[in-house]
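Asks: Quick note on the working numbering: the sequence shown kicks off at 1 and runs consecutively.
For the record, the hints were derived by calculation from the structure and aren't laboratory data. Where a beta carbon is used, it is the ideal one built from N, C-alpha and C, also for glycine. Everything hinted at is true.
Between beta-carbon pairs, the in silico distance windows are:
1. Lys307 - Thr385: 52 to 60 Å
2. Ser220 - Tyr251: 33 to 41 Å
3. Ile123 - Asn425: 26 to 34 Å
4. Asp208 - Thr457: 45 to 53 Å
5. Lys249 - Thr198: 26 to 34 Å
6. Thr457 - Lys212: 44 to 52 Å
7. Gly401 - Asp211: 54 to 62 Å
8. Lys249 - Arg122: 33 to 41 Å
9. Ser344 - Gln100: 16 to 24 Å
10. Thr218 - Thr457: 46 to 54 Å
11. Arg122 - Lys325: 18 to 26 Å
12. Leu293 - Ile114: 54 to 62 Å
13. Ser467 - Lys427: 20 to 28 Å
14. Asp208 - Gly182: 30 to 38 Å
BS3-like cross-link-like pairs, simulated, lysine-lysine; straight-line CA separation at most 25 Å:
15. Lys214 - Lys165
16. Lys249 - Lys307
17. Lys191 - Lys249
18. Lys458 - Lys427
19. Lys458 - Lys365
20. Lys226 - Lys165
21. Lys325 - Lys365
22. Lys165 - Lys307
23. Lys165 - Lys249
24. Lys365 - Lys399
25. Lys427 - Lys348
26. Lys307 - Lys214
27. Lys399 - Lys458
28. Lys212 - Lys194
29. Lys212 - Lys191
30. Lys214 - Lys191
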Amino acid sequence: MSVTARRYICEPSYGVSVLGLSGTYQIMNSLHRDLYPQTFIFKNQLTVFNSICMTVRIFQNRNLFNWLVGIVLTIGALASFGCNDKLSVVGNNLISDTLQLTSVSSTDSVPFVIGTSSYINRISLSGIGYVFIGKSGTTEAFSLSRLSVPDSAPELTIDNFVSAKMLITPSTPYYAYGDTIGNQLSFTVYKVVKVWTTIATPDTITPDFIDKTKTLATYSGIIPLKDSSSVISFDFDRDQVIEWFNLRKQYGNANDTLNYGIAFIPNSNSNIIRRFASGAVGSSDSTRFATILITYHRPNATDSTIKLFSAYDGTYLTTTAPEDKYITIQGASAINSNISFDVSSIPKGVAIHLAGLTLTMDPSKSFAGTAGTDPVVFATFVDSTSNNLVRPYYGSRLKDGNGNYTNEYFFPTLNTALEGMIRRNGKGTITLQVQNSYYQNRMDKLVFFGSDAVDSTKRPKLSIVYSSRPKF
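Produce the complete structure using the sequences and hints provided.
Replies: Written as structure tokens, this is what we have:
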């Protein structure tokens, strides 16, 4: 199937009224029945133009896009609007002028979208205000926390030690990803034995960072899926607490070089990933992820308590590499996708009035957490013709006539990206990802059909309306 262009001539039709205007033009073909790409020719003499050639629907099921196309065509007609008075002799002698708007869409033979690929962008998720712990399918989330022992820490021994309780708090609003029916969270706490920083990534936290020969704490249970979930409390290892306190007494601040923190590692029987509250960098919020409440005996006095708070936390996610034949994006796992275009068939120097990209989601491969499927996705384009300016674009999930979401997402304004490609060599790439506000704090996975999908109707579709710039 090839790109089809059709021409429509708007001629004067006296006695006919469109939008209540006199002296209007009649479209010689029925545009609203033709859903194929088309070219519109507005032919006029530069003498008397006092009316508008009205057009309707260009792309099916794109109400907003249709409306914008109508506006563009209206503006085009208004550009040739004139008064009723006869022009001067000079004006009457001017040659005929033609304003052309061309609409084209990707097809099997001219796809415009020539390739798609997905990749994992290894990032640091330290100090974001949340941590993740758990396991769902091939995706695992583990977290590290470094607890600070205060200067006022007493000397602890086996004799005066009473108990140590680890406290962690589910986030508000709550969020879970995975099997929300079984809702089984299970993890083990181990000692971290090497220095790690807030810029660590899943690739830099290698297995030798964690000593799994001794268990410091364990948790296995069901946390209610609600915002009012209470603090999770479980026993923490006595000997580790005593070691930290004695190191603090012996070395003072130098203890910071010996206390590397603890790691929360999901167990194999965990089928869900939960989000927990944590301190955010630059925030005045006093929230901390890990807290240890220690109770000890004081000589000739009642028992006392002291708390250890996490100084900083990091959370890390591992998952299998996405399939290149699909367009995959996932937030905290940092999966992005590239969509490559070839619009070299569009003439250089044209003005792009409208450019819309449609992506079709594969619901069988997509998965959302308890916050639901995000109806908005984000894309960027690096324009090398404008000093590598990064241009952002948003696409939204479409709804049907009954107001229900479909599986299609639509980017209505890729104009500047395409003009940048055309100015260069007709080729370029946009990067698709979860919108910024959810990039780090949610794990929803969206999978779209790629450029090689077996069903060609589900491949990415690009529709463009452009005009040639006037030559003087």
